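Could you build the full structure based on these sequences and the hints that come with them?
Going by the working numbering, the first residue of the sequence shown is number 195, and it counts up by one from there.
Note that these hints are calculated values from the structure, not bench results.
This structure is a prediction, so every number in the text was calculated from the model and none was measured.
Be a bit skeptical, because a hint or two may be false.
In the DSS-like style, the derived pairs of lysine-lysine whose C-alpha atoms are separated by at most 25 Å in a straight line are [unchecked claim]: (1) K231 with K220; (2) K250 with K220; (3) K231 with K250; (4) K245 with K220.
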Amino acid sequence: MEVYLVYHSQTYEFNEVVGVFSDYVKAREFELEYIRKYEVDELSSWTEIRKVEVNKDYDAFGNIGEEV
195 MEVYLVYHSQ TYEFNEVVGV FSDYVKAREF ELEYIRKYEV DELSSWTEIR
245 KVEVNKDYDA FGNIGEEV
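The following block contains the structure:
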């Protein structure tokens, strides 16, 4: 089973998951709403959607899942 994580990252500050969805379209809608609501500045922060397999081990120091 796969889920889509919406990440918000800020340069040198943090990376956090702000949403988990079973459908890419819903994840994308949420990402766009999040960008508008919190006025994400593309120079110092960004969002991305990553596809992650449930119950799979990932390297703690690498990227989790694959970017879509």
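For each hint, the structure was consulted:
In summary, the hint linking K231 to K220 is supported, as the alpha carbons are separated by about 16 Å, within the 25 Å threshold. For the hint linking K250 to K220, the alpha-carbon distance of about 23 Å falls within 25 Å, and the restraint holds. Straight-line distance between C-alpha atoms of K231 and K250 comes to about 32 Å, which puts the hinted pair past the 25 Å bound. With a C-alpha separation of about 13 Å, the suggested pairing of K245 with K220 holds against the 25 Å cut-off.
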